[in-house]
Amino acid sequence: MKKIICLLLFPLVVFAQEIKTEEIEVNSLIKGTLFSIENTISSKPNLVIIIAGSGPTNRNGNQLGMQNNSLKYLAEAIAKDGNVAFSFDKRIITQMKEGNLDEKSLRFDDFITDVKDIITYFKKQNKYNKIIIAGHSEGSLIGMIAAKDNADAYISLAGAGRTIDLIITEQIEKQAPFLKAKTEENFKILKEGKTFKLENQMLASIFRESVQPYMISWMKYNPQVEVKKLNIPILIINGTKDIQVAESEAKLLYEANPKSQLKIIDKMNHIFKEINEDEENIKSYSNPDLPIMNELSETINSFIKSL
Numbered sequence: 000m001k002k003i004i005c006l007l008l009f010p011l012v013v014f015a016q017e018i019k020t021e022e023i024e025v026n027s028l029i030k031g032t033l034f035s036i037e038n039t040i041s042s043k044p045n046l047v048i049i050i051a052g053s054g055p056t057n058r059n060g061n062q063l064g065m066q067n068n069s070l071k072y073l074a075e076a077i078a079k080d081g082n083v084a085f086s087f088d089k090r091i092i093t094q095m096k097e098g099n100l101d102e103k104s105l106r107f108d109d110f111i112t113d114v115k116d117i118i119t120y121f122k123k124q125n126k127y128n129k130i131i132i133a134g135h136s137e138g139s140l141i142g143m144i145a146a147k148d149n150a151d152a153y154i155s156l157a158g159a160g161r162t163i164d165l166i167i168t169e170q171i172e173k174q175a176p177f178l179k180a181k182t183e184e185n186f187k188i189l190k191e192g193k194t195f196k197l198e199n200q201m202l203a204s205i206f207r208e209s210v211q212p213y214m215i216s217w218m219k220y221n222p223q224v225e226v227k228k229l230n231i232p233i234l235i236i237n238g239t240k241d242i243q244v245a246e247s248e249a250k251l252l253y254e255a256n257p258k259s260q261l262k263i264i265d266k267m268n269h270i271f272k273e274i275n276e277d278e279e280n281i282k283s284y285s286n287p288d289l290p291i292m293n294e295l296s297e298t299i300n301s302f303i304k305s306l
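Numbering follows numbering that gives the first Met the number 0, in which position 259 of the sequence shown is assigned residue number 258; successive positions increment by one, without gaps.
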């Protein structure tokens, strides 16, 4: 008599978990949000520290009058894959809120120190398997320098491959070519470590006297030199629709450190949104409802899994 064995097959059901957020204060200047899901796959998940771009860009990737939630969506996408993400307000955001921002005293190295402090803060908790730095735009260079000897992996998101004076001069040449010569003249003075009285107010956003010391401190770092110093896994990402940092910049970083991985995402702009028509590009900077591209989060999460 044959024995009948009944196999009860239960379908595998994956329940979408809600994102859990926690406010974190690293120190009096650095405050941010920790993104995770309730039950991560690992007891010691990986942590991704996200660094915002230039200017008063907050933890969500937004500036006054320019809400797009790019960094918030990125942090959520990383968390949904079972990792933890920390996105923070740069010190200038805190200083602006408290009314004590002094541009003259601000230096590029301050932001590098802040990221190192954040890494130390989380390392002391011993909760995380690996700590990955992901820097966007200006944050790419900040993160690149801070990651050396401190992090387990590094991701550049729309990061420049040349010094900031060359990037800005090129942007000026495209937007206002009649200002190129003056821009080069001003940068030449700053390269010598000197400040000057600004004569042409059309260039005030770049060369106002209070921000000149910061520009001097920023210009001394060459991304191609700094990325060569990294002996950790590196992922370099840019988009074909980025009107602020061309994909050629990402290629310069990749060529400087051939051990890195390079990913150029078709139709992605500077804030990770999909752009099909050029006129959509600028509009996307003020559209908080437009999601970031799935290909970006899939690329990052795949990179993290490979560590």
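If you're looking for bench data, these hints aren't it; they were derived computationally from the structure.
Just so it is clear, CB atoms sit at the ideal spot from N, CA and C, and this is done for glycine as well.
Check the hints yourself; a few may be wrong.
With beta-carbon atoms standing in for the labels, derived distance ranges [what the hints assert, rightly or not]:
{"id": "1", "residue 1": "201", "residue 2": "305", "range": "25 to 33 angstroms"}
{"id": "2", "residue 1": "265", "residue 2": "37", "range": "21 to 29 angstroms"}
{"id": "3", "residue 1": "17", "residue 2": "209", "range": "40 to 48 angstroms"}
{"id": "4", "residue 1": "195", "residue 2": "258", "range": "16 to 24 angstroms"}
{"id": "5", "residue 1": "254", "residue 2": "282", "range": "32 to 40 angstroms"}
{"id": "6", "residue 1": "24", "residue 2": "265", "range": "38 to 46 angstroms"}
Hints versus structure:
1. 201 <-> 305: 25 to 33 angstroms: The hinted range 25 to 33 angstroms is violated for residue 201 and residue 305, with Cβ atoms some 47 angstroms apart.
2. 265 <-> 37: 21 to 29 angstroms: Violated - the Cβ-Cβ distance for residue 265 and residue 37, about 35 angstroms, lies outside 21 to 29 angstroms.
3. 17 <-> 209: 40 to 48 angstroms: Since residue 17 and residue 209 have Cβ atoms about 44 angstroms apart, the given range 40 to 48 angstroms holds.
4. 195 <-> 258: 16 to 24 angstroms: violated (41 angstroms)
5. 254 <-> 282: 32 to 40 angstroms: Because 33 angstroms falls inside the window, the suggested range holds.
6. 24 <-> 265: 38 to 46 angstroms: holds (39 angstroms)
When the structure is compared with the earlier hints, violations turn up for hints 1, 2 and 4 and for no others.
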